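Participant: In case you want the letters, here they are:
Number of protein chains: 2
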Amino acid sequence: MAKKNFPLSDVYRLLEPGPVVMVTTAAKGRPNIMTMSWHTMLDFEPPIVGCVISNRNYSFDILKATRECVFNIPTLELAKKVVACGNTSGRKIDKFKTFHLTPADATCVKAPLIDECYANLECKVVDGKMVAKYNFFILEVLKAWIDPSKKKDPRTIHHRGNGAFMVAGETIKLPSKMK
Amino acid sequence: MAKKNFPLSDVYRLLEPGPVVMVTTAAKGRPNIMTMSWHTMLDFEPPIVGCVISNRNYSFDILKATRECVFNIPTLELAKKVVACGNTSGRKIDKFKTFHLTPADATCVKAPLIDECYANLECKVVDGKMVAKYNFFILEVLKAWIDPSKKKDPRTIHHRGNGAFMVAGETIKLPSKMK
Numbered sequence: 001m002a003k004k005n006f007p008l009s010d011v012y013r014l015l016e017p018g019p020v021v022m023v024t025t026a027a028k029g030r031p032n033i034m035t036m037s038w039h040t041m042l043d044f045e046p047p048i049v050g051c052v053i054s055n056r057n058y059s060f061d062i063l064k065a066t067r068e069c070v071f072n073i074p075t076l077e078l079a080k081k082v083v084a085c086g087n088t089s090g091r092k093i094d095k096f097k098t099f100h101l102t103p104a105d106a107t108c109v110k111a112p113l114i115d116e117c118y119a120n121l122e123c124k125v126v127d128g129k130m131v132a133k134y135n136f137f138i139l140e141v142l143k144a145w146i147d148p149s150k151k152k153d154p155r156t157i158h159h160r161g162n163g164a165f166m167v168a169g170e171t172i173k174l175p176s177k178m179k
Numbered sequence: 001m002a003k004k005n006f007p008l009s010d011v012y013r014l015l016e017p018g019p020v021v022m023v024t025t026a027a028k029g030r031p032n033i034m035t036m037s038w039h040t041m042l043d044f045e046p047p048i049v050g051c052v053i054s055n056r057n058y059s060f061d062i063l064k065a066t067r068e069c070v071f072n073i074p075t076l077e078l079a080k081k082v083v084a085c086g087n088t089s090g091r092k093i094d095k096f097k098t099f100h101l102t103p104a105d106a107t108c109v110k111a112p113l114i115d116e117c118y119a120n121l122e123c124k125v126v127d128g129k130m131v132a133k134y135n136f137f138i139l140e141v142l143k144a145w146i147d148p149s150k151k152k153d154p155r156t157i158h159h160r161g162n163g164a165f166m167v168a169g170e171t172i173k174l175p176s177k178m179k
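First to last, the protein sequences are chains A and B.
Residues in the first sequence are numbered consecutively from 1, following the working numbering.
Residues in the second sequence are numbered consecutively from 1, following the working numbering.
No false leads were mixed into what you were given.
All copies of an identical chain are treated as equivalent in the list; a pair is satisfied when it fits inside any one copy or across any two copies.
The list that follows gives simulated cross-link-like pairs (lysine-lysine, DSS-like), each with its CA atoms no further than 30 angstroms apart:
#1 K179 with K64
#2 K151 with K80
#3 K97 with K179
#4 K97 with K124
#5 K173 with K92
#6 K97 with K28
#7 K133 with K110
#8 K28 with K177
#9 K152 with K173
#10 K97 with K173
#11 K150 with K179
#12 K177 with K133
#13 K64 with K143
#14 K92 with K177
Hints were generated in silico from the structure; no laboratory data involved.
Small disclaimer: the values here were computed from a predicted structure and weren't measured.
Could you build all of it, start to finish, from the sequences and the hints given here?
Facilitator: Shown next, in the form of structure tokens:
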């Protein structure tokens, strides 16, 4: 998928609506994927993001050690693979191979991009003070990529619990002073 | 609107999809409303939530002083009022009166519920350590309310920046082990 550079100042527009994210990490050249929805923007520019990654997840130890990951944002076509990644552990399988997802090289981090996702955000941990108490990592987005064909109305999926997902519907525009 | 008690263990199902929230506070009996999208779940039960409220907002000082607020979740019919609340400051106007919204008494906090919102979460600040650096408040949800008629497929709105909102579409169900 031919991705283009996406301005860092607009990263909040991708995450603020609350999509499910596939977080990729890499330990010693071995990539992993986990499904995650507990994230929030913390600042606009540079874009700072907070997210919860449970210490029961394989990705927790990798992220703590490498301090690098990629937020990959999937759309509806990938829903089954998103759930499959959430139902399995990288301790036991290579999720890229098992679920036929394509790793692509990132620019700023060693963790791979998931090529099939419409947007990818390369991140590094900038503050780990909340990890011990809340499993909450604070990350800076260093580089962002987007598939220009899906930029307008991405059919992102939003977890409603127990495998129920709300699929993004229409976009409306209202006169707003809010950023 | 006749609301029912909503189980605290299911609160994550309301917030995890990333809806815009109207945060109500009250200072000396004077209520206020602000529009907010930068929130994340931090734990399931008791439900712990993190959110960013900028120190430029009037609500910041009230929340810091009273340590209480309500997260009110609006649906599409309220979109214009959501934006109106985001475009104005409670320093200058009473938003309940100006935008014809109905305050209702909460059970556990002094901040009011917005009756027109389909769900309301009464919250108290449980950790303020991240406020100075990130304007990030950590709250426990003490009590949750829902309009049972809108529980199934709420048409929540999700901010995409600059007054563009994605409206929640259909819900799909996939076999998942994820909570």
